[in-house]
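There are 2 protein chains.
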Amino acid sequence: MRIGVDVMGGDNAPDAILDGAVGSLERIAPHDRLVLVGPRDVIEAGLKRHGVNNDDRIEILEATDVIAMDESPAEAVRSKPNSSIALLAAAAGRKAANPLDVVISAGNTGAMVAAAQMYMRRLPGVRRSGIAVVVPTFAGNVVLIDVGANIEPKPDHLAQYGVMGDIYARKIVGIENPRVALMNVGGEEQKGTADMKQARDMLRSISDLNFTGYIEGRAVFSGEADVVITDGVVGNVMIKLAEGLSEGIFKAITREVMANDPSMAERFGAIVKKIYAEHDYHEYGGAPLIGVNGVCIISHGSSVARTITNAIIRGKQFVECGVNKAVEERLATMNLQEMPA
Amino acid sequence: MRIGVDVMGGDNAPDAILDGAVGSLERIAPHDRLVLVGPRDVIEAGLKRHGVNNDDRIEILEATDVIAMDESPAEAVRSKPNSSIALLAAAAGRKAANPLDVVISAGNTGAMVAAAQMYMRRLPGVRRSGIAVVVPTFAGNVVLIDVGANIEPKPDHLAQYGVMGDIYARKIVGIENPRVALMNVGGEEQKGTADMKQARDMLRSISDLNFTGYIEGRAVFSGEADVVITDGVVGNVMIKLAEGLSEGIFKAITREVMANDPSMAERFGAIVKKIYAEHDYHEYGGAPLIGVNGVCIISHGSSVARTITNAIIRGKQFVECGVNKAVEERLATMNLQEMPA
Chain F
149 MRIGVDVMGG DNAPDAILDG AVGSLERIAP HDRLVLVGPR DVIEAGLKRH
199 GVNNDDRIEI LEATDVIAMD ESPAEAVRSK PNSSIALLAA AAGRKAANPL
249 DVVISAGNTG AMVAAAQMYM RRLPGVRRSG IAVVVPTFAG NVVLIDVGAN
299 IEPKPDHLAQ YGVMGDIYAR KIVGIENPRV ALMNVGGEEQ KGTADMKQAR
349 DMLRSISDLN FTGYIEGRAV FSGEADVVIT DGVVGNVMIK LAEGLSEGIF
399 KAITREVMAN DPSMAERFGA IVKKIYAEHD YHEYGGAPLI GVNGVCIISH
449 GSSVARTITN AIIRGKQFVE CGVNKAVEER LATMNLQEMP A
Chain B
149 MRIGVDVMGG DNAPDAILDG AVGSLERIAP HDRLVLVGPR DVIEAGLKRH
199 GVNNDDRIEI LEATDVIAMD ESPAEAVRSK PNSSIALLAA AAGRKAANPL
249 DVVISAGNTG AMVAAAQMYM RRLPGVRRSG IAVVVPTFAG NVVLIDVGAN
299 IEPKPDHLAQ YGVMGDIYAR KIVGIENPRV ALMNVGGEEQ KGTADMKQAR
349 DMLRSISDLN FTGYIEGRAV FSGEADVVIT DGVVGNVMIK LAEGLSEGIF
399 KAITREVMAN DPSMAERFGA IVKKIYAEHD YHEYGGAPLI GVNGVCIISH
449 GSSVARTITN AIIRGKQFVE CGVNKAVEER LATMNLQEMP A
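Top line first, the protein sequences correspond to chains F and B. Read in order, the letters of the first sequence correspond to residues 149 to 489 in my numbering. Read in order, the letters of the second sequence correspond to residues 149 to 489 in my numbering.
For reference, chain F alone in the conformation it holds in the complex:
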């Protein structure tokens, strides 16, 4: 398998990315290939630092340009064909000679999405791709799709996300018969926009999907669903809010402990550490852009070495489990005629 990694993406690039790539060498197969995309000198220096010389599982794809985190995605991809993100996606594209099976970037999310959509295109039958994040809640893992690739989805996009989220939850997250729900302002039938109601009706009509109806914000963290479908705006706000709020709460509690009962600090710190370890967003390495023709994993901007190693392992798993084949087959059985394009 050929796995491409954007060496220049993320707040801790290039060091953490190279560390993570090297860290995966003992966990990938002898015939696997890591294709590191970035400036040759940076990559060679990083490999040398790790004492990795002439490992024939490593290839370098030279990229002389970088897309910054705050650049306008589509524009940057078009104007910087030699950026690590554009080259990475192109190397996984249909025009590539020996296309990459997996691409991974912790860089500009919008640019990675735009590049993947431009070069890799969509799986047959898929109308829009979506980013699926595994949220480690206290009631178990929840797959949230989409968190920002598609900010104005049509009802049929949301319905397809249900199928894609379901397959991802089964094959990668290991959830049997996932309960799939549609994000809304309340659980009642009459709630929501006309688009939401149409999406709900489409989801109900899909056979072999355990669709449970609407879900509201409160219930996402209490285990009422395994897959939550939403538009890219709501999903994006949800994961960022959850991240900011969790951090804020842990900080506030720690501050109070220090101020009121410093003798408790060490023991309390150990408990916080344990909870963090059990709800580790690094575990999945990143979020796949499901629906593209290939495997594209978008890692968090603050990825550390371990995140990238995990993204590589999960990317391999994504290919080996045949997620895309399953998506294609399931979508082919859906009555798309009834879904206005």
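Hints listed in this document are in silico derivations from the structure and should not be mistaken for laboratory results.
The list makes no distinction among identical chains, and a pair is therefore deemed to hold if it is satisfied within one copy or across any two copies.
Derived lysine to any residue pairs resembling SDA-like cross-links, with alpha carbons at most 25 Å apart:
id, residue 1, residue 2
1, 345, 265
2, 421, 398
3, 399, 288
4, 421, 396
5, 399, 422
6, 399, 412
7, 421, 404
We have chain F; now place chain B onto it with these hints.
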């Protein structure tokens, strides 16, 4: 001042509502009037329980019907004109002989919104009303508008929410020169839907508004803005998610403390209590539906007596501070001609 309270609304109705109303008696003025809306026998029994007899500040408005929490709002308001919510809103409406200055309900939010819109109508110049919630973050209070009254706002609605949220933050929450931001999937200029961009441009053009641009989910809890404008779907998901997640985190930490270090439990419990007290969503008693011609406060379904007492005090403050007059005046100076209706 005449303040109407829906005795039958909320999970703890009627007892907590009556307790809260009675609890406000020592804090309202001799000439204020509480109008309790619900079944006469229930109200009289509740007052008797508190030893309140013939207090001439209390009036009873008999309501023989109730709208349940899960009923379809608009339909319920239409089909149940004798419900406490419909009668409450009607008593504050323009056709009422001696209209209520404030109405408060912890019942079906959608029904209260629909009833207020139907009977109280809008302030001159207001295109849509919005629910403004004060979120007690670790970085201070943040006003979030709208959290569910308007699930498909147009750009001009969002722009008006900016003005209404600003006035509410200044006059009720006591924030000087509030920083007003628009919720989006990222802070960069090119992010978001066409509607968001149009709303942003409108907000920029409003003089005397400290509009700071887009804000993303993470930043809401880190103190980057005092007023956050959003559509009703995103806002609704945000507050419910924040509520569910905070509860989940505190529960998880408490569980871990009990499992790993039970000797710490009591002291840790005291710290949690202190944090809760400092971030008390009961403090504001509820969220005003700003923009209606009158004062309508929507309290949380799980309101306790203290919540209702606070809603009564805040409702009075809302009238006394002249929030509505300020909204009307500020909107009149906005160039609405440039905002497509």
